[in-house]
Amino acid sequence: KTLSDLKDFRDKINNGTYSAWMSAKLEANIDMNGDEWTPIGDFNHQYCGIFDGNGYAIANAKITSFSKGTMASSIATANTGGGDDGSRDVAFAGLFGVVDDATIKNLKLSSINIDVATTALYTSASGILVGIVHKSATIENVFVTKSSNKSNCCSYGDEYFSYVSGLVGACFSVNKNID
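Using this note's numbering, read the sequence shown as starting at 1 and increasing by one per residue.
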């Protein structure tokens with residue numbers, strides 16, 4: 001219903017109070033008033049639910065720092081080179097940070113502005129809607145206007161990668177099928 005409700009939903013997903021499968025449906029437009037945003041979902045609590053914007057808009061958010069986490073070895077090795085144990089430190093930015101088997105639909109995003117940078121050794125991904133799709137997601141009827149993604153990321157040969165996009169920063173999957 002309100003910005004406070006959206007932040008509460010995010011915090012409860014990110015700290016594990018709510019199941020990652022918890023669904024949400026907007027009941028009104030939400031103006032973030034230029035507030036700094038921390039993404040919904042991370043590698044410890046990937047968002048897996050259904051987020052239905054119900055035709056409403058989320059507007060006027062800013063993201064000026066990456067959220068960080070460690071990607072599991074099974075995904076990291078297949079997609080980003082992987083570390084000694086196969087895991088990978090990853091930085092991500094977006095309205096949603098990390099999603100897996102989630103559905104995000106019927107949502108309008110306006111004036112969502114990402115301006116992030118990292119100089120550390122991270123594989124990084126930023127997208128206005130989602131930083132990282134971990135294995136799969138369904139995105140339907142999502143519109144983005146008047147938004148920007150300025151991501152100054154470091155890329156070091158085949159060790160670390162940077163992904164920057166308008167809607168979804170990166171999709172990591174062991175089995176990739178494109179029809």
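If you're looking for bench data, these hints aren't it; they were derived computationally from the structure.
Be aware that a few hints might be false.
What the hints assert, rightly or not - Taking lysine-lysine and the BS3-like style, the derived pairs with C-alpha atoms no more than 25 Å apart in a straight line are:
(1) Lys146 / Lys12
(2) Lys146 / Lys62
(3) Lys12 / Lys135
(4) Lys1 / Lys135
From a predicted model like this one, the values you see are computed outputs, not experimental measurements.
Status of the hints after comparison with the structure:
1. Lys146 / Lys12: 29 Å, violated
2. Lys146 / Lys62: Holds: lysine 146 and lysine 62 sit about 12 Å apart, inside 25 Å.
3. Lys12 / Lys135: 22 Å, holds
4. Lys1 / Lys135: 30 Å, violated
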